Amino acid sequence: MKFVTAIIKPFKLDEVREALSGVGVQGVTVTEVKGFGRQKGHTELYRGAEYVVDFLPKVKIEVAIKTEVLDQVIEVIEKSANTGKIGDGKIFVFDLEKVIRIRTGETDAAAL
Amino acid sequence: MRTLLAVLGLLLAAGVAHAADAKLDTGDTAWMLIATVLVIIMIVPGLALFYGGMVRSKNVLSVLMQVFVSFSLITILWALFGYSFAFSEGNSFIGGFGKAFLSSLKPDSLQGTIPEYVFVCFQLTFAAITPALIVGAFAERMKFSAVLWFLGLWLLAVYAPIAHMVWGGGWIGGKGAIDFAGGTVVHINAGMAGLVAALVLGPRKGYGKVAMPPHNLTFTMIGASLLWAGWFGFNAGSAVAANGSAGVAMVNTQLATAAAVLGWMFAEWIAKGKPSLLGAASGAIAGLVAITPACGNAGPMGAIVLGVVAGVACFWAAVYLKKMFGYDDSLDAFGVHCIGGIVGALLIGILASPGLGGQGFGGENKSIGEQFWVQLQAVGFTLVYDAIVTYILLKLIDMMVGLRVTDEQETEGLDVAEHGESAYSH
Numbered sequence: 001m002k003f004v005t006a007i008i009k010p011f012k013l014d015e016v017r018e019a020l021s022g023v024g025v026q027g028v029t030v031t032e033v034k035g036f037g038r039q040k041g042h043t044e045l046y047r048g049a050e051y052v053v054d055f056l057p058k059v060k061i062e063v064a065i066k067t068e069v070l071d072q073v074i075e076v077i078e079k080s081a082n083t084g085k086i087g088d089g090k091i092f093v094f095d096l097e098k099v100i101r102i103r104t105g106e107t108d109a110a111a112l
Numbered sequence: 001m002r003t004l005l006a007v008l009g010l011l012l013a014a015g016v017a018h019a020a021d022a023k024l025d026t027g028d029t030a031w032m033l034i035a036t037v038l039v040i041i042m043i044v045p046g047l048a049l050f051y052g053g054m055v056r057s058k059n060v061l062s063v064l065m066q067v068f069v070s071f072s073l074i075t076i077l078w079a080l081f082g083y084s085f086a087f088s089e090g091n092s093f094i095g096g097f098g099k100a101f102l103s104s105l106k107p108d109s110l111q112g113t114i115p116e117y118v119f120v121c122f123q124l125t126f127a128a129i130t131p132a133l134i135v136g137a138f139a140e141r142m143k144f145s146a147v148l149w150f151l152g153l154w155l156l157a158v159y160a161p162i163a164h165m166v167w168g169g170g171w172i173g174g175k176g177a178i179d180f181a182g183g184t185v186v187h188i189n190a191g192m193a194g195l196v197a198a199l200v201l202g203p204r205k206g207y208g209k210v211a212m213p214p215h216n217l218t219f220t221m222i223g224a225s226l227l228w229a230g231w232f233g234f235n236a237g238s239a240v241a242a243n244g245s246a247g248v249a250m251v252n253t254q255l256a257t258a259a260a261v262l263g264w265m266f267a268e269w270i271a272k273g274k275p276s277l278l279g280a281a282s283g284a285i286a287g288l289v290a291i292t293p294a295c296g297n298a299g300p301m302g303a304i305v306l307g308v309v310a311g312v313a314c315f316w317a318a319v320y321l322k323k324m325f326g327y328d329d330s331l332d333a334f335g336v337h338c339i340g341g342i343v344g345a346l347l348i349g350i351l352a353s354p355g356l357g358g359q360g361f362g363g364e365n366k367s368i369g370e371q372f373w374v375q376l377q378a379v380g381f382t383l384v385y386d387a388i389v390t391y392i393l394l395k396l397i398d399m400m401v402g403l404r405v406t407d408e409q410e411t412e413g414l415d416v417a418e419h420g421e422s423a424y425s426h
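Same order as they appear, the protein sequences are chains A and B. Just so you know, the numbering used here puts 27 at position 27 of the first sequence, and the rest follows in order with no gaps. Just so you know, the numbering used here puts 406 at position 406 of the second sequence, and the rest follows in order with no gaps.
Treat the hints loosely; a few may be bogus.
BS3-like cross-link-like pairs, simulated, lysine-lysine; straight-line CA separation at most 27 Å [as the list claims (entries may be wrong)]: (1) 323/B x 395/B; (2) 9/A x 60/A; (3) 85/A x 274/B; (4) 34/A x 209/B; (5) 175/B x 366/B; (6) 58/B x 34/A; (7) 98/A x 60/A; (8) 85/A x 9/A; (9) 205/B x 58/B; (10) 274/B x 9/A; (11) 40/A x 9/A; (12) 40/A x 98/A; (13) 85/A x 66/A; (14) 274/B x 34/A; (15) 60/A x 79/A; (16) 209/B x 40/A; (17) 90/A x 79/A; (18) 272/B x 40/A; (19) 60/A x 2/A; (20) 272/B x 85/A; (21) 40/A x 79/A; (22) 85/A x 60/A; (23) 79/A x 2/A; (24) 66/A x 9/A; (25) 106/B x 209/B; (26) 209/B x 366/B; (27) 40/A x 274/B.
In case anyone wonders, no lab produced these hints; they're calculated from the structure. Keep in mind that this is a model prediction, so the values were computed, not measured.
With the rest of the complex left out, here is chain A (with noise of 0.2 Å):
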């Protein structure tokens, strides 16, 4: 089993939830973030005073999926994030080790 982070800009989000689904991922959990990267921030202007604003609202999406399908995964998340502009974000992807699902104590495959 593989765990993915995704880290995207935040308004590809829907679309990449729907190339998700798409793809029989059943389960996503989103969080709001701040960050930089090679977009570095931006500079505000008020009144001509300058502020340099370094974290990027971006979104992080998570998603834990059997080994089979990362290729497909990583391939919808690529094609649906992509704007082609700096700043698209990047894809984490993690061996994972063990998955339980609380109501039932179903374990791995079962649980995902």
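Following the hints, put chain B in place on chain A, whose structure we already have.
Frame of chain A, contents of chain B only:
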């Protein structure tokens, strides 16, 4: 100004001129009742929101409180002494005690064609908004008790004498200086006091190093809009009559303000790359300020020129002048009100000329040169007198109660530290 002067001439000749021909005009009276309420809306909530939106969220209540309470305090002081110092017979610098406690007024006392009680209230709103404007210069760091001491004493020691000199029969008005609705009395006066206060108090903790962005520009836009609408009471009301002069003031006020919005916005767009709402709102105030002394004497096209100049000049003052000298005028009381007031007070010496479409100089002055020289004296005297007395008052209050909150309180925010409440729970 002509009307106001005529009215005040009447007042001066008071003994003689409780004349048989002084008669109450119901149209004038109705308009002045409304104009008075319009100016109150400028102060609360207009000015309070305009300023409140520009500070950080930890200080918004302190600013609203300073404006709200100074309005109340000045109201009382005005009835006790302020009105008398400004508008009763005295010398050419200050009025006397003749109308202290409003004791000599009767329901049928007239000021021109309106009841004097209405005139007292109308002038009260001017006296109240002027100290409240200064709040913008020392916002986010001044102790509340010191604010009340300062604004109360400033009303009696600075506002009332200058109002007397310009409108109450003193020497500036006597020279024929044009100040239809308060360029010297209100805006240059408040702005200069603001600069002195910003210098005496020193910058906010972390100024120039820590980000201090406005916390709610929506408030600021609502406040600026209320100021804009209320300003028709301020400017057109300064005709003290529902007449042609009020109409001139109205059209000039609207045109100059719109022109200044565009002036500031385009200046910012060109110089800084983006047109901002804060810039547009600030431009409106700059235009309103600059047309205030000029609204009765300029022509409509002159008002547009004045507005554009004011918008660009105040943008320059708030953005470049402040940086050049490094003072922390938190919300640009000096940059907008003093600079805008000076632009209006000086340019009207030129734009009032009938040759430039103006309504004429009003007083005895006939040429642009003569009028400009008188305007220059009025502006210069106001700046110097105001700066000296404001400085003395601040030093005095510093010794009495201290001017600034402690560093710890400033970091915590004035809302919690001084008033025990916070605007937002998050």
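Hint check, failures only: 12, 13, 25, 26
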